[in-house]
Amino acid sequence: MKALSLLLLRLSTGIYLILWGIVKLAATDKANAVSDKYYGGFLSGDMINLGLGSLQVLLGALVCIGFARAFSYTAQLVWYIAGIVPIMVYILDPFGRYLTDEAKLTFFPSTTLLFASLILIAFREYDSLSVDAKRGR
Numbered sequence: 036m037k038a039l040s041l042l043l044l045r046l047s048t049g050i051y052l053i054l055w056g057i058v059k060l061a062a063t064d065k066a067n068a069v070s071d072k073y074y075g076g077f078l079s080g081d082m083i084n085l086g087l088g089s090l091q092v093l094l095g096a097l098v099c100i101g102f103a104r105a106f107s108y109t110a111q112l113v114w115y116i117a118g119i120v121p122i123m124v125y126i127l128d129p130f131g132r133y134l135t136d137e138a139k140l141t142f143f144p145s146t147t148l149l150f151a152s153l154i155l156i157a158f159r160e161y162d163s164l165s166v167d168a169k170r171g172r
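Note that the numbering used here numbers the sequence shown so that position 38 is 73, with each residue one more than the last.
Heads up, some of the hints might be wrong.
To be verified - Restraint ranges, calculated between C-beta atoms of paired labels, are given here:
1) Leu-85 x Asp-128: 32 to 38 Å
2) Asp-128 x Arg-159: 31 to 37 Å
3) Pro-144 x Ala-68: 16 to 22 Å
4) Lys-65 x Glu-160: 37 to 43 Å
5) Phe-77 x Leu-140: 21 to 27 Å
6) Ile-83 x Ile-119: 18 to 24 Å
7) Lys-72 x Leu-46: 26 to 32 Å
8) Phe-77 x Asp-128: 21 to 27 Å
It is worth saying that the hints were derived from the structure and are not from the lab.
Cβ coordinates follow ideal geometry from the N, Cα and C atoms, glycine included.
Start from the sequences, fold in the hints, and give me the full structure.
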């Protein structure tokens, strides 16, 4: 049951990375709009989206198959932390009553991705349905 649960966590967190990577690659206008609104335009631009999107798809694939887990799980955690920092005000005040004028309850599940990434790292030894486990790593 542990191994299956970890596999499902890997798939859900990894596929989420892949999906947002595809957005950066295929719908740069949407990716730029998100960057402009929540990241101050720091990540806007077609070349930036090409690089980040490619990296995100690759990282998501590594997580999904459980390859290079020491690196890929940690990189995923860092990716999700970097994504949460700019929207922290919405995490702390999802209904927009105290810290912001805008409610964004839809951002709160970002914490789940972060915590799932921590679980993958903490319970890596039980992740027996991964490529690394099959390779004896």
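Requested in this report: Just tell me: holds or violated, for the beta carbon distance of Leu-85 and Asp-128 against 32 to 38 Å?
Outcome: holds (34 Å)
**Report entry** Outcome for the supplied range 37 to 43 Å, where the beta carbon pair is Lys-65 and Glu-160
**Finding:** holds (39 Å)
Report task. With 16 to 22 Å as the target window, see if Pro-144 and Ala-68 comply at their CB atoms. Result -> holds (20 Å)
Report task. Take a look at whether the Cβ-Cβ distance between Phe-77 and Asp-128 falls inside 21 to 27 Å. Result -> Hint holds: Cβ distance 22 Å, inside 21 to 27 Å.
Requested in this report: Could you check the hint for me, namely that Ile-83 and Ile-119 are 18 to 24 Å apart, CB to CB?
Outcome: With a Cβ separation near 19 Å, Ile-83 and Ile-119 satisfy 18 to 24 Å, so the hint holds.
Query raised in the report: Taking 21 to 27 Å as the hint, is the beta-carbon distance of Phe-77 and Leu-140 inside that range?
Result: holds (24 Å)
Query - Asp-128 versus Arg-159 beta-carbon gap, inside 31 to 37 Å or not - result: holds (34 Å)
Requested in this report: Confirm or reject the claim that Lys-72 and Leu-46 have a C-beta distance inside 26 to 32 Å.
Outcome: holds (29 Å)
When each numbered hint is compared with the structure, no violation occurs for any of them.
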